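*Asks:* Input sequences plus hints: build the corresponding full structure.
Numbered by our numbering, the letters in the sequence shown go through residues 2 to 212 in order.
Simulated from the structure, these hints should not be mistaken for laboratory data.
Treat the numbers as computed from the prediction; the structure is a model and nothing was measured.
The C-beta atom is built at its ideal place from N, Cα and C for all residues, glycine as well.
Watch out, some of these pointers could steer you wrong.
Listed next, with one range per pair, are the computed distances between beta-carbon atoms [stated by the list, open to error]: (1) Gly41 / Met171: 35 to 41 Å; (2) Leu50 / Gly155: 49 to 55 Å; (3) Leu86 / Arg144: 46 to 52 Å; (4) Ala96 / Val209: 17 to 23 Å; (5) Asp110 / Gly79: 21 to 27 Å; (6) Ala138 / Val21: 17 to 23 Å; (7) Leu39 / Asp172: 23 to 29 Å.
Cut-off 25 Å, straight-line C-alpha distance, at most; resulting in silico cross-link-like pairs (DMTMM-like, lysine to aspartate or glutamate) [to be verified]: (8) Lys202 / Asp78; (9) Lys202 / Asp110; (10) Lys202 / Asp52; (11) Lys202 / Asp172.
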Amino acid sequence: ERIALPEDEALAVTVNHHLVLRRIDDALLPTDGATLSLQGNVGRATSTLGDAGFFSRLYARATVYRPLSGLPGGWLDGWYGQGRLELGQVLRPDAVRVPDSQQFRAGGDESVRGYAYRSLGPVVDGAVGSADALLTASVELARPISPRLPSVWGAVFVDAGNAAPTWREMDPAVGVGAGVRWRSPVGSLRLDLAWGHELQKLRLHFSVGIA
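*Replies:* Structure follows, in structure tokens:
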């Protein structure tokens with residue numbers, strides 16, 4: 002994918018605050034609980050092409066984990082569900098340009114699988130740029146592959162989202178796929194194979210993390 006480069010240099014001085022709330026049963030491979038990450042930035046930006054001015058950047062990411070056994074019909078017994086919602090917004094006057102690092106793009110292991118890291122955003126002249134609004138969501142179902150290997154899980158998932166100049170212009174890209182999770186001593190290892198619907202291509206994703 003082509004990535005757009007800024008037409009001018011923008012600089013910003015910001016004051017940042019980050020709050021993380023976590024209540025889960027296992028940090029390596031959670032099956033019940035929720036996490037919430039909130040970020041807020043206030044700053045002043047200057048650039049060679051735009052006016053100097055104040056802006057703010059808001060970001061939230063919520064993930065919920067739930068065991069699905071016991072639901073009516075019993076067809077999800079032994080499965081565990083995970084849902085994620087990610088929202089971001091930059092608030093600024095139209096004439097104020099902010100650095101690319103203060104705006105949003107989507108795509109990647111922790112965003113929309115099936116697409117490269119930060120490869121989703123508004124396309125101008127065939128190149129992907131950053132934007133003021135971000136929306137991604139994910140639904141995943143997982144379960145242990147075998148009673149003999151309780152730390153190795155299989156999963157299926159659907160991701161969707163994008164970054165756009167405004168919420169009205171938001172056009173979510175969709176990725177679907179399947180993968181394997183291993184509760185290792187260093188964290189949860191994830192290997193996913195995802196189909197990016199808009200690209201009509203498969204992409205392999207590998208990540209290590211703690212919830």
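*Asks:* Now, for every hint given, state plainly whether the structure supports it.
*Replies:* Comparing the hints with the structure gives:
no.: 1; hint: Gly41 / Met171: 35 to 41 Å; in the structure: violated (21 Å)
no.: 2; hint: Leu50 / Gly155: 49 to 55 Å; in the structure: holds (50 Å)
no.: 3; hint: Leu86 / Arg144: 46 to 52 Å; in the structure: violated (23 Å)
no.: 4; hint: Ala96 / Val209: 17 to 23 Å; in the structure: violated (42 Å)
no.: 5; hint: Asp110 / Gly79: 21 to 27 Å; in the structure: holds (26 Å)
no.: 6; hint: Ala138 / Val21: 17 to 23 Å; in the structure: holds (20 Å)
no.: 7; hint: Leu39 / Asp172: 23 to 29 Å; in the structure: holds (26 Å)
no.: 8; hint: Lys202 / Asp78; in the structure: violated (32 Å)
no.: 9; hint: Lys202 / Asp110; in the structure: holds (15 Å)
no.: 10; hint: Lys202 / Asp52; in the structure: violated (41 Å)
no.: 11; hint: Lys202 / Asp172; in the structure: holds (19 Å)
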